[in-house]
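Number of protein chains: 2
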Amino acid sequence: MRVGILGAGQLGRMLALAAWPLGLQPRFYDPVPGGCAAALGPQTVAAWDDLDAVERFCAACDVVTYEFENVPLATVRHAAAFVPLFPAAQALEAAQDRLAEKALFQGLGIGTAPFAAIDGPADFDSALEAVGLPAILKSRRLGYDGKGQVAIRSGVDLERAWQRLGQVPAILEGVVPFERELSLIAVRGGHGDTVFYPLVENQHRDGLLHLSRPIVDAALQRHAQDYAVRLLDRLDHIGVLTIEWFVHGGELLGNELAPRVHNSGHWTIEGAATSQFENHLRAICGLPLGATATTGHSAMVNLISAVPRREALLALPWVHLHDYGKEPRSGRKVGHVTLCTPDEAHAEVALANVLELLA
Amino acid sequence: MRVGILGAGQLGRMLALAAWPLGLQPRFYDPVPGGCAAALGPQTVAAWDDLDAVERFCAACDVVTYEFENVPLATVRHAAAFVPLFPAAQALEAAQDRLAEKALFQGLGIGTAPFAAIDGPADFDSALEAVGLPAILKSRRLGYDGKGQVAIRSGVDLERAWQRLGQVPAILEGVVPFERELSLIAVRGGHGDTVFYPLVENQHRDGLLHLSRPIVDAALQRHAQDYAVRLLDRLDHIGVLTIEWFVHGGELLGNELAPRVHNSGHWTIEGAATSQFENHLRAICGLPLGATATTGHSAMVNLISAVPRREALLALPWVHLHDYGKEPRSGRKVGHVTLCTPDEAHAEVALANVLELLA
Numbered sequence: 001m002r003v004g005i006l007g008a009g010q011l012g013r014m015l016a017l018a019a020w021p022l023g024l025q026p027r028f029y030d031p032v033p034g035g036c037a038a039a040l041g042p043q044t045v046a047a048w049d050d051l052d053a054v055e056r057f058c059a060a061c062d063v064v065t066y067e068f069e070n071v072p073l074a075t076v077r078h079a080a081a082f083v084p085l086f087p088a089a090q091a092l093e094a095a096q097d098r099l100a101e102k103a104l105f106q107g108l109g110i111g112t113a114p115f116a117a118i119d120g121p122a123d124f125d126s127a128l129e130a131v132g133l134p135a136i137l138k139s140r141r142l143g144y145d146g147k148g149q150v151a152i153r154s155g156v157d158l159e160r161a162w163q164r165l166g167q168v169p170a171i172l173e174g175v176v177p178f179e180r181e182l183s184l185i186a187v188r189g190g191h192g193d194t195v196f197y198p199l200v201e202n203q204h205r206d207g208l209l210h211l212s213r214p215i216v217d218a219a220l221q222r223h224a225q226d227y228a229v230r231l232l233d234r235l236d237h238i239g240v241l242t243i244e245w246f247v248h249g250g251e252l253l254g255n256e257l258a259p260r261v262h263n264s265g266h267w268t269i270e271g272a273a274t275s276q277f278e279n280h281l282r283a284i285c286g287l288p289l290g291a292t293a294t295t296g297h298s299a300m301v302n303l304i305s306a307v308p309r310r311e312a313l314l315a316l317p318w319v320h321l322h323d324y325g326k327e328p329r330s331g332r333k334v335g336h337v338t339l340c341t342p343d344e345a346h347a348e349v350a351l352a353n354v355l356e357l358l359a
Numbered sequence: 001m002r003v004g005i006l007g008a009g010q011l012g013r014m015l016a017l018a019a020w021p022l023g024l025q026p027r028f029y030d031p032v033p034g035g036c037a038a039a040l041g042p043q044t045v046a047a048w049d050d051l052d053a054v055e056r057f058c059a060a061c062d063v064v065t066y067e068f069e070n071v072p073l074a075t076v077r078h079a080a081a082f083v084p085l086f087p088a089a090q091a092l093e094a095a096q097d098r099l100a101e102k103a104l105f106q107g108l109g110i111g112t113a114p115f116a117a118i119d120g121p122a123d124f125d126s127a128l129e130a131v132g133l134p135a136i137l138k139s140r141r142l143g144y145d146g147k148g149q150v151a152i153r154s155g156v157d158l159e160r161a162w163q164r165l166g167q168v169p170a171i172l173e174g175v176v177p178f179e180r181e182l183s184l185i186a187v188r189g190g191h192g193d194t195v196f197y198p199l200v201e202n203q204h205r206d207g208l209l210h211l212s213r214p215i216v217d218a219a220l221q222r223h224a225q226d227y228a229v230r231l232l233d234r235l236d237h238i239g240v241l242t243i244e245w246f247v248h249g250g251e252l253l254g255n256e257l258a259p260r261v262h263n264s265g266h267w268t269i270e271g272a273a274t275s276q277f278e279n280h281l282r283a284i285c286g287l288p289l290g291a292t293a294t295t296g297h298s299a300m301v302n303l304i305s306a307v308p309r310r311e312a313l314l315a316l317p318w319v320h321l322h323d324y325g326k327e328p329r330s331g332r333k334v335g336h337v338t339l340c341t342p343d344e345a346h347a348e349v350a351l352a353n354v355l356e357l358l359a
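Those protein sequences? They're chains A and B, same order as listed.
For what it's worth, the numbering used here labels the leading residue of the first sequence as 1, then goes sequentially.
For what it's worth, the numbering used here labels the leading residue of the second sequence as 1, then goes sequentially.
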C-alpha cells in the first residue's frame with residue numbers, strides 16, 4: 001500500500017520509519033527539495049499550487065495524509081478528489097485559523113482563554129475590553145512554534161503589534177496564568193475506533209517545545225478524552241489529532257489543535273506499545289489501532305539548532321537518539337532524545353544527565 | 001557517517017531502520033538487484049568478485065559491515081584494505097567453514113557435538129567410528145537455514161549423502177539429543193566494551209527458525225557469556241557476534257557462529273532498551289554501546305512464505321509487524337512478528353493468538 005505524505009520534514013521521516021515495517025510504502029510531496037524524509041522514500045518536488053503535480057502524485061498513492069498543517073487547503077481539497085485523504089480537510093481548516101479553532105472549542109463546550117477577532121484598528125478597543133491585559137496578538141493563519149505572535153501590555157503595544165504582524169486578520173488572546181501546558185494525542189481509526197495516549201506535560205523555551213513528559217492524572221485524562229471525543233466526532237476525524245491544553249485552576253482550556261502527529265508525541269516511539277506514527281498510519285490505512293500503554297517512564301527533549309556530539313549523548317544511559325538529518329541552523333529542530341526507563345528514579349537521573357549535557 | 005552494508009536483505013533493511021535515527025546513512029552492495037533493504041538506502045548492484053566495484057563502494061563509505069555471512073572472504077578482505085570494516089575477516093572465515101568453527105570452539109575449551117572432517121570416501125569409516133550414529137553430514141561451506149545438510153542413519157546413507165552434497169568438503173556431526181537450542185547475541189564495541197542480550201530459546205520448523213523467546217537462567221547465561229568473551233577476544237571482534245548453542249545434560253555445546261545481527265535477536269527491536277541492530281551500528285562506528293535490558297516479555301515468530309492478512313494480524317493485541325517487503329515464495333522468510341508484553345500471562349495469550357492465526 002502506497003502512502004503519500006504532504007510535507008517531507010521530520011514528521012514525514014518518522015512516519016516513514018514506522019511505515020516500512022508495516023509493509024507500507026511512503027512517498028513525499030514537498031516544494032522544498034531534499035526534505036529530510038526523502039532519505040526514506042521518493043519525494044516529488046513541486047509547488048503546493050501546482051495542482052497537476054498534486055494530481056499525478058495522488059494517482060501514485062493508495063492513501064494520502066499530511067505532516068504539516070500549513071499545506072494550503074486548496075491543495076488538500078484537490079488531492080482528496082483523487083485519492084482517500086485523511087485527516088479530512090475540515091480539521092486542517094480549523095487548525096489553520098486560530099479564530100475558527102477557538103470557535104470550534106467553544107461550540108463543543110470546551111473552555112478557552114478569552115479571545116476576540118481583530119480585523120482592523122476599529123476592533124482594538126472592544127477586543128482589549130473583552131480580553132483584558134496582558135494579552136497576545138496572534139495572526140489567525142500560518143502560525144507555529146511561536147511565530148506570528150506578539151505580547152501586548154498596553155493599547156499602544158497593540159497598535160505596534162498589528163503593524164508588525166503585517167495588518168493581517170488576527171486574534172487577541174488573553175494571557176492565562178496557567179499552571180501547566182498539556183497535550184493529548186488522540187487517534188481515531190477508519191472504523192470510528194479511538195485510542196488515546198496519556199496526557200503529556202510540555203515545557204517550552206523561546207517559543208519552541210523543549211521537554212515533554214507523559215503524566216498520570218486520571219481526572220484530567222478523563223476530561224481531556226471526553227473533550228477529544230467531541231472534537232473527533234465533530235470533525236469526523238481519521239488519524240492522529242493533537243490537542244494542546246492549558247491547565248488553569250485545575251480545569252482544561254483548549255489552546256490549539258494539530259490534525260497530525262505531533263512533537264509532544266515523539267516519546268511514544270519507545271515509550272508506548274504502539275507509536276503515534278504507527279497508529280496514524282494504521283488509522284489512515286483502515287487497519288486496527290494498536291495499544292497505547294506506556295512501556296516505562298518516558299521523557300523527550302528536543303535538540304535545537306544542532307545535534308550534540310553523538311559519542312557524549314550515546315554514552316548516557318537510556319538515551320534514544322533521533323537525528324533528523326537536517327543541517328544545523330539556529331532555532332531549528334534538528335532532532336530529539338527520548339529516555340524510557342523502567343522506574344521513576346532512573347527517569348529523573350537520566351533526564352538530569354541529558355539536560356546537563358545540552359546545557 | 002556513511003555506513004556501507006554488504007548484502008541488501010532484511011537484516012540490512014533493519015540495520016537501515018536503526019541507522020537513520022542515529023544520524024547514520026546506510027548504503028548497500030548486493031549482486032541481486034532490488035534487495036529489500038534498497039528501499040531504505042541506495043544499493044550498488046555488482047558481483048561479489050567485481051573488486052573495482054567493491055573499491056568504489058568502499059570509497060563512498062566511512063565504515064563497512066556485512067549482513068550476510070556468505071560474502072566471499074576475498075571481497076571482505078579487499079574492502080578492508082580501503083575502509084574500516086567490522087567485524088574483521090577472521091570471524092567470517094570461521095563462520096563460513098563448519099570445521100574451522102568447531103575447531104575454534106574446541107580450541108577455546110567450548111564443548112561441541114562430536115564431529116569429524118570428511119574430504120572423501122577414505123574418511124567415511126573413521127568418521128563414523130569417531131562420531132557414531134545417528135549423525136548429519138554437512139557441507140563445510142555455504143550452509144544456512146538447514147541447507148547443505150543430510151541426516152545419516154547408516155554407512156549407506158553416508159555414501160548417498162556425500163554424492164548428494166556434490167562431493168564437497170564436509171563434516172560429519174553426531175546428533176546430540178539436546179534439550180534446548182539457545183542463542184546468545186553478544187556485542188563488542190570499538191573500545192573493547194561488551195554487552196550481552198539474554199539467552200534466547202529457539203524453535204525450528206523445516207530447518208527454519210520459527211520461534212525465539214528470551215529466557216532467564218542465570219547459570220546458563222553466565223556460562224554462555226564466559227564462552228562468548230573467549231570468542232570475542234580471540235576474534236578481536238567488533239560488532240554483533242551470535243553464538244548458537246545446544247543444551248545437553250544442562251551443559252552448553254557450541255553449534256554455530258554468525259558474525260552479524262541474527263534472526264534470533266529480532267525481538268530486541270521492541271523487547272530491549274537498545275536493539276541488536278542499533279548496538280551493531282554503535283559498535284562498528286566506535287560509539288558507546290546501549291543497554292540490553294529487556295523492556296517486557298518478548299517472543300518473535302517468523303513469517304514464512306507469505307505475510308498473513310495485515311488486518312487480522314494487527315487486530316491481535318501486542319503485535320509488532322515487521323514486513324520485509326519481499327515477494328511471497330514458499331519457504332522464504334518474508335517478515336516476523338514480535339510480541340512484547342508487560343507480564344508473562346499476557347505473553348502466553350498473545351503468543352497463542354498469533355500462532356493460531358498463522359496455523
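Treat the hints with care, since some could be wrong.
Which copy is meant is left open, because identical chains are indistinguishable; a pair holds if it fits in one copy or across any two.
Claimed, not checked - Below are the SDA-like pairs computed for lysine to any residue, each with C-alpha atoms no more than 20 Å apart in a straight line:
{"hint": "1", "residue 1": "Lys326", "residue 2": "Pro42"}
{"hint": "2", "residue 1": "Lys333", "residue 2": "Val349"}
{"hint": "3", "residue 1": "Lys333", "residue 2": "Gly23"}
{"hint": "4", "residue 1": "Lys326", "residue 2": "Met1"}
{"hint": "5", "residue 1": "Lys326", "residue 2": "Gly23"}
{"hint": "6", "residue 1": "Lys333", "residue 2": "Val247"}
{"hint": "7", "residue 1": "Lys333", "residue 2": "Gly207"}
{"hint": "8", "residue 1": "Lys326", "residue 2": "Gln25"}
{"hint": "9", "residue 1": "Lys333", "residue 2": "Leu22"}
No lab work stands behind these hints: they were computed from the structure.
A quick look at each hint next to the structure:
1. Lys326 x Pro42: both (17 Å within a copy, 19 Å between copies)
2. Lys333 x Val349: Answer is neither; intra-copy 24 Å and inter-copy 42 Å both fail.
3. Lys333 x Gly23: This pair counts as between: shortest inter-copy Cα distance 14 Å, intra-copy 29 Å.
4. Lys326 x Met1: between (28 Å within a copy, 13 Å between copies)
5. Lys326 x Gly23: between (26 Å within a copy, 9 Å between copies)
6. Lys333 x Val247: Neither. Shortest intra-copy (26 Å) and inter-copy (51 Å) distances fail the 20 Å Cα cut-off.
7. Lys333 x Gly207: Within one copy only: 12 Å inside a chain, 48 Å across chains, cut-off 20 Å.
8. Lys326 x Gln25: Close across copies (12 Å), not inside one copy (22 Å); limit 20 Å.
9. Lys333 x Leu22: So Lys333 and Leu22 pass the 20 Å test across copies only (15 Å; inside, 27 Å).
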